[in-house]
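Colleague: Sequence:
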Amino acid sequence: VPSYMPPVDLDDAVRATTVGRVYKSKNPEFTEGQWVLGLNKVEEYSLVLPGGFTSPIDVDIVPSPSIFLSALGAVGLTAYFGLQDAGQPKAGETVLVSGAAGAVGSMVGQIAKIKGCRAVGIAGGAEKCRRLIEDYGFDAAVDYRGKDIDTLTKEIGEAAPDGVDIIFENVGGDILDAGLMNLNEYSRVILCGLISEYNTEPKGARNLWQTIVKQTTVKGFLIRDYAPRFSEGGAEVAGWIADGKVRFDEHIDSGIENSFEVFMKLFSGQNTGKLILDVSPD
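In terms of the working numbering, the sequence shown is residues 815 to 1096.
If you're looking for bench data, these hints aren't it; they were derived computationally from the structure.
Where hints are given, some of them may not hold.
[Stated by the list, open to error] For each label pair, taking beta carbons as the anchor points, the in silico distance ranges come out as:
| id | residue 1 | residue 2 | range |
| --- | --- | --- | --- |
| 1 | Asp1039 | Asp976 | 28 to 34 Å |
| 2 | Leu1036 | Ser1082 | 21 to 27 Å |
| 3 | Gly1069 | Gly906 | 43 to 49 Å |
[What the hints assert, rightly or not] The calculated DSSO-like cross-link candidates involving lysine-lysine, where the alpha carbons are at most 27 Å apart (straight line), are:
| id | residue 1 | residue 2 |
| --- | --- | --- |
| 4 | Lys1079 | Lys904 |
| 5 | Lys1028 | Lys929 |
| 6 | Lys929 | Lys1017 |
| 7 | Lys968 | Lys1017 |
| 8 | Lys929 | Lys1033 |
From the three backbone atoms N, C-alpha and C, an ideal C-beta is built for every residue, glycine too.
Construct the complete structure from the given sequences, taking the supplied hints into account.
Modeller: Have a look at this one:
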């Protein structure tokens, strides 16, 4: 099945966005000891060739280098450009975020609030829903666990009494179907991810007809298209963090031997915030 990234070859290390330090270098653009961000692999040492996606980062201006994997990396920029450019939020609108306790979703909700919108998050479990409201400033939260589409549709409607203007979709499946039943006219659906369907037989969106009735714009979103504007987005997100307007969390596990178990947490909702694996040998 075609995808926006090539598949990982059998017996090859899994691809990942990484932050690390240069151990040895024959490239004049990189010096030993320098911190870099890149698209590499889950391994303790990576051989990086010229022409790749590796770039220097300044870790002296941030609390931890890992922030370049979360709020100031693809996570924060996906939330920033995905909501603002693809979603075009207007003050007073309602933004519904699935996977809202995750790294991207939690930031989408906070940016929605900055833009004057009502933020409604969908997450799994009472604790995550509590955190959405108390820690991330969402106006309302819906717990999807153990609920059918009809119940989810009803609870989303109660959390968004004026309807939903923007769906920022990270999950898909029944959660998307329930959200579609609450759309307003001229609404927007941003498809950032469909994680509930990656390892199962896709069911399709059964309520997609609502996008016709409500004249909804449905848009797939990939952060790579915004690479020329990363510095713009990063600067504004950094400003929001400095001003206390955006909070971000990181779930950090250690040990390359635990990489499989850590990776699988993405599909079971065990993490809150950005999931990071520390593979440094020391």
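Colleague: Compare the structure with each hint and give your call.
Modeller: Cross-check of the supplied hints:
1. Asp1039 <-> Asp976: 28 to 34 Å: Holds, at about 31 Å.
2. Leu1036 <-> Ser1082: 21 to 27 Å: Between Leu1036 and Ser1082, where Cβ atoms are some 25 Å apart, the hint holds.
3. Gly1069 <-> Gly906: 43 to 49 Å: Holds, at about 47 Å.
4. Lys1079 <-> Lys904: Given that 27 Å is the threshold and the Cα spacing comes to 34 Å, the pair is violated.
5. Lys1028 <-> Lys929: holds, 23 Å
6. Lys929 <-> Lys1017: violated, 34 Å
7. Lys968 <-> Lys1017: holds, 21 Å
8. Lys929 <-> Lys1033: holds, 20 Å
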